[in-house]
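S.K.: Residue strings, one per chain:
2 protein chains.
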Amino acid sequence: MIRLDARLLEGIFVRELEAAKVEKASVDHVVASLLQTSLRGVDSHGIQLFPHYLRAVRAGRVNRAPRFSVESSGPSTATLDADHAFGHCSGAAAIDLAQELAAKTGAGVVSVRHSTHFGAAAYFALRAAGNGFLGFAFTNADALVKTFNGRSAFFGTNPICFTAPLEREEPLCLDLATSLVSWNKVRNRLASGEALEPGWAFDAEGEPTLDPSLARSLNPAGGYKGFGLGMMVEVLTGLLAGGPVATEILPMYGAPIEARRSISHLFMALEIRRFADPGIFRQRLQRMVDGLRALPAPAEPVLAPGDPEKHAFAERSRTGIPVSDALFASLLEVSDRFREAVCP
Amino acid sequence: MIRLDARLLEGIFVRELEAAKVEKASVDHVVASLLQTSLRGVDSHGIQLFPHYLRAVRAGRVNRAPRFSVESSGPSTATLDADHAFGHCSGAAAIDLAQELAAKTGAGVVSVRHSTHFGAAAYFALRAAGNGFLGFAFTNADALVKTFNGRSAFFGTNPICFTAPLEREEPLCLDLATSLVSWNKVRNRLASGEALEPGWAFDAEGEPTLDPSLARSLNPAGGYKGFGLGMMVEVLTGLLAGGPVATEILPMYGAPIEARRSISHLFMALEIRRFADPGIFRQRLQRMVDGLRALPAPAEPVLAPGDPEKHAFAERSRTGIPVSDALFASLLEVSDRFREAVCP
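So the sequence lines, in the order shown, correspond to chains A and B.
One point on numbering: in this note's numbering, the residue at position 332 of the first sequence is 332, and numbering is uninterrupted.
One point on numbering: in this note's numbering, the residue at position 112 of the second sequence is 112, and numbering is uninterrupted.
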């Protein structure tokens, strides 16, 4: 296991994306999202995606020079057509617009159509909370979660992300797929040769499997509850944006790399001062988070949502981002310069 | 097991609440919510609550003649002070206001403070979807869900309800507690003398228990995910409304019956036409629901959220609401007239 320095990585990512003629705003947001996400310990949505993203933008699945068009549909609402941009860039524009609307009316809701994989949902919702808003981010994804009672996948891992500002630290951040575990955990077990945990995944017949090579779909979180929440996210994203939904969405990895996928997102911002004094709100939320952390716990401590990511961020900012040999090899396939980012 | 006729029940409920000098709007909404909820098969939040509600309003916990005050805080936002009204009534006023705001701006968000137990969240969100909006309803509740990693309960079962209009049937309705199962399921097992299922509940030490008499807290749905979603609901309700949160909230049953609890809710409506053609939206959502129901399934059929409730509604509207001997006895304690509602 080696560790990579985030600042050195940043320079290499920027250079590679610029060499692929990606416009500046897209470069900025892709790089910021990947590094923030890996520093926060969310390896499934961080720098490991870079080789895929580079292939996707070179092949034309992702538009290197998109032209956004925004349709304002009311004082609190808008739709952004992303022109197949990097989702990191269209999502940032959309959550920023949602904050502008919320600053005027109290609530801003922005739908995004014709987008691509947006990485970690937290990247967007944290922008809103960093500016004092409550933030929400949702996206659809290709079918990967087994229907409750059924045999096969229908909805994607369709995440829900919610953020709120705290008094003395980075915002509260809840960011969860509506599946019990991520597909990446299944792939990691395949790579390491370990069996899956019971309840994680199902085979092609929809039967539970512990064999990662046979896994074809994931268990929704909390059974029919996670399944229902995944459907809610699909309604808020694919249906409101008028894009493909559920099994209509091309798979991220299986489809031809040049094929455009038209992923849909939804972003929302709420202005706290319309409901409560923002200072008191932050103070009370901080007290709630502090109270949770101080609760008696038999083994592992009680954590607030986002605490594992805060711990990882503090450590990785000092020591670098740990990468497996396989990930390092896949980065080196893209550029030999990644050797320069290895921490001494 | 006997069955009670919903229309006959309605008359008896109205008479009893009027005898307790409850104002008309509260009577209307409490009765409509209890009957709709029991007809939809959600026995935990239906007519079984009537004896408790009657005791609560007689004792003054619930205000029989509330005066709502609405503070408009922006084009899309408002706060309603419920003056300790029945939550069914304050919630209906709030979701209707959220729809008015959404009709003007695209999004309406209404916080409710100083309220009481509001029954089933679906009652409110279904009002919005019945008028063509996307509807959301959230409430906090007294601590009953064990913290992830901890020993004891911190947040309530804090439900999430989401609704959307369909083309050829009643709206899609997702209504779920953020615990894996409801507290009522634990109480039912206690009454029947059956053991709990593994993973449902924990004892006073936070250890898993199958003994319903030892259960003190519930498992969150999907582990830390349900726990996080319950915290999100607490932020959206108790913190935005400035009311008590988490373990500050008096228990529904354990506290003195005259004690006011200041439950907080949040309601939201989104206007579909700001994002998509409403006819096409309903058509596509109907196709998604139809597609789900037609999926191959090894045992039980695949269902859309709310399908079990639609099936129950169709059957119970014909055959009456089934009640246990214990529930019937508790209704008879309130009024002997409930005998007149027994189906022949």
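These are calculated hints, taken from the structure and not from any lab test.
Treat the hints with caution; some may be incorrect.
[As the list claims (entries may be wrong)] With a cut-off of at most 20 Å between alpha-carbon atoms, the simulated SDA-like pairs for lysine to any residue come out as follows:
| id | chain 1 | residue 1 | chain 2 | residue 2 |
| --- | --- | --- | --- | --- |
| 1 | B | 310 | A | 103 |
| 2 | A | 104 | B | 73 |
| 3 | B | 185 | B | 336 |
| 4 | B | 104 | A | 71 |
| 5 | B | 310 | A | 224 |
| 6 | A | 104 | B | 104 |
| 7 | A | 310 | B | 224 |
| 8 | A | 104 | B | 103 |
| 9 | A | 104 | B | 100 |
| 10 | B | 104 | A | 100 |
| 11 | B | 185 | A | 73 |
| 12 | B | 104 | A | 149 |
| 13 | B | 104 | A | 310 |
| 14 | A | 104 | B | 72 |
| 15 | B | 185 | A | 72 |
| 16 | A | 185 | B | 223 |
| 17 | A | 104 | B | 39 |
| 18 | B | 104 | A | 185 |
| 19 | A | 310 | B | 10 |
This structure is a prediction, so every number in the text was calculated from the model and none was measured.
S.K.: Identify every previously stated hint that the structure contradicts and give their numbers, smallest first.
M.R.: 1, 3, 11, 12, 13, 15, 17, 18, 19
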